[in-house]
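Colleague: Construct the complete structure from the given sequences, taking the supplied hints into account.
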Amino acid sequence: MSAMSDALALLALPFAASVVFVLIHAYLGVHVLRRRIVFADLALAQLSALGATVAFANGYAPTSAAGFGYALLFTTIGAALLTLTRTLARYVSQEAFVGIVYVVATAATILVVDRAPQGAEHVKKILIGSILTVEPADVAKFATLYAVIGVLHWFARRPLLALSGEGAPAGRSRAAAWLLDFAFYLSFAIVVTSSVTTAGVLLVFSLLIVPAVIGSIFSDRLPVVLLIAWSAGIAACAVGLAGSYALDLPTGAAMVAAQAGGLLLAGLAKVLLFVAVEQRRRNLRIAIDALATTVLIALLVSSAWLMIVPTGDQPLLALVESTTGIGPTRFLGVGERDGYESAARDAVRFQGEVERLNEMEKAARYQGTPLSDDEVRRIASYQKTFNEMTRGERFVQETLRGKAQTRARWIVGVPGMLVALAGLLWLAHRH
Amino acid sequence: MRAGLLGLVIGAAAQLAASLVFLLAVPASAAVNVVAMTTDLAALVREVGGNLVTVESIVPAGVDPEAFEPRPGDLGKLRRADLLVRVGLGYDYWVDALVRQIGDKRLMRGGEASLDASAGIPLLEIRGQSVMNEGGHAHGVANPHYWLDPDNAIIVTASVADALVRIAPAQREQILANRAGFLSRLETARARWSEALAPFAGTKLIAYHNSWPYFARRFRLDVIAFIEPKAGVAPSPAHLAQVISAGSKANVRAIVHEPYEPDDASRLVARRLSVPMVRLAVSVGSIEGTNDYLSLFDYNVATLAKALGARSP
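Protein chains in written order, with the numbering used here: chain A, 687 to 1117; chain B, 650 to 962.
Don't read these hints as lab results, they were simulated from the structure. If a hint is listed, it holds; no wrong ones were tucked in.
Calculated pairs, SDA-like style, for lysine to any residue (alpha carbon to alpha carbon, straight line, at most 20 Å):
no.	chain 1	residue 1	chain 2	residue 2
1	A	K1048	B	A895
2	A	K1048	B	A874
3	B	K853	A	A1049
4	A	K810	B	F717
Computed from a prediction, not measured in an experiment: that's the story for all the values here.
Modeller: What follows is the structure in structure tokens.
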């Protein structure tokens, strides 16, 4: 019960923050998709990360005003560059420029951070963010800032959409189009800059693109696209946060994975549910065939691998063993089986001994009589011995497993291969 | 009689050999070039070597030695080295790749000019499933932060003194005198530190990384949990919730945070538990005013005592 309330207390703020992020990013993502500059936001996010890194190297925290200032400066330069490249797009694809900006910004980040202690840690932090530890004041700040930008976009929605849709808006001077374009990138830059400090480059990128893609799969009309994008994005964030809590995973990365999962589900739903009956049936068949082919090829490769190198790692066999509970002992004699099982038991027991000694030493640090250096040395030497013995038991297990697999080589390998071949032939024949 | 004569001959030969080695190895004017993996080991070498040595370190202060990426300049440092002092315990295997690159057999693991400073240390937290691989990211067999127990400085300086005497036998007296001077200053300071932290024996703390077992053992502190148990992997919400609930149950009195590490998670836990977050220097030079081995402890002890004292009734 208290674990539940702990979780809610801890996850409420990150969830609030991610709702705010989804609302603005999914909307901007729709623009990005229509402009066909998907990687522009990644480039801008990376430039913002570069700015934050320059600030960090100068001793400012990424969330401080100075940190934001640096990040915004770099992102604004990026926005200007992107605007400029749009006029150059007649000669070379804009994606090329975007790619160059991204790579150079990333390399520059590494160069800048090289001199700073724990720079690598900082680079990683900027990539994965720290949405879990977002503070209430930050969420309020994001909400206000994004609301203002959202309102401004609402007023300029027609020309902005026209610009995103066509590239060269009719009935406007080039200067006006250029200005509007820059205003778009600038607002975009401000959003990305402030989000990256908390959500990290990866999450910002996925929040921009994935919900917008999900929305666009199902509709062309902006209000519908936005509604679907927002619901899907928020749902995926909730799933990501809950999953990160339940499965004990880093939050930012779990949320990115949840977005990807959402996209996968949306894609499947689209081809299997939201199409005409005839098409739906055909898609279902394709999906089943693809799945069957994958499984059969895995079986074929695995059986061949078992026959070629029986003592090597056998991932598929290990998976089957662990899911069915049928261990490698099936192909061992009674004595060997006992040896295998007792080795497994002993390995666990020895590791338990190592942990028990660690606990004992740890307790003696602050209570009772302190252990002398020699007592600590003796404990360490016991532990090393137990570790060696564990390694020995593992070796016994590995050897017996290899023996079992060698015996299974033809008994399992040949039928596996025949089944896989027959299945594949049947699939090929049917088409 | 025969034994006496033999002893005399051997003694004379040894002396001759020693002076020959001395003549060949180190010209009287040149200082011994020592390269230490970390600033902490460099600081200890400086105490023992005094002005007989020039000391360079490879890993900058406050950087995790395991995650450090060497620069081309480090090859130059190693080329000049008469002695390489390693952290050991598998935390600086990557230096082997550098040594192999310059092809100097003396500096290789177990070589005559390579010193593993962890030798003889009473090691803590030996773990199972240690992965020992060549060159790559190898996890150590024990917790590597042994320099954070001042008593371990006695052992490390003994090994360093031995190694330096081997390289510069003529300076033996000076080296031993340097070490004795350092040990007596250490002894006085240690009494002061123990006294300052004595009122807080048994105090529960939470640390960002598992950097403090040796420090905790010497000063009788109990670090009950770590905010980021795996270096570089952001803590999961479940883990943070668990740390917070364990912290409030155990009546934790402060959050110990290493300099240069991102502090948002530490601040969150400190805020939830309403306890101070203290930055302690995990290595020499990682915080202003911790420029040698003794001032590292002066700083850490004073900072911790102040933070804990502020809350005691």
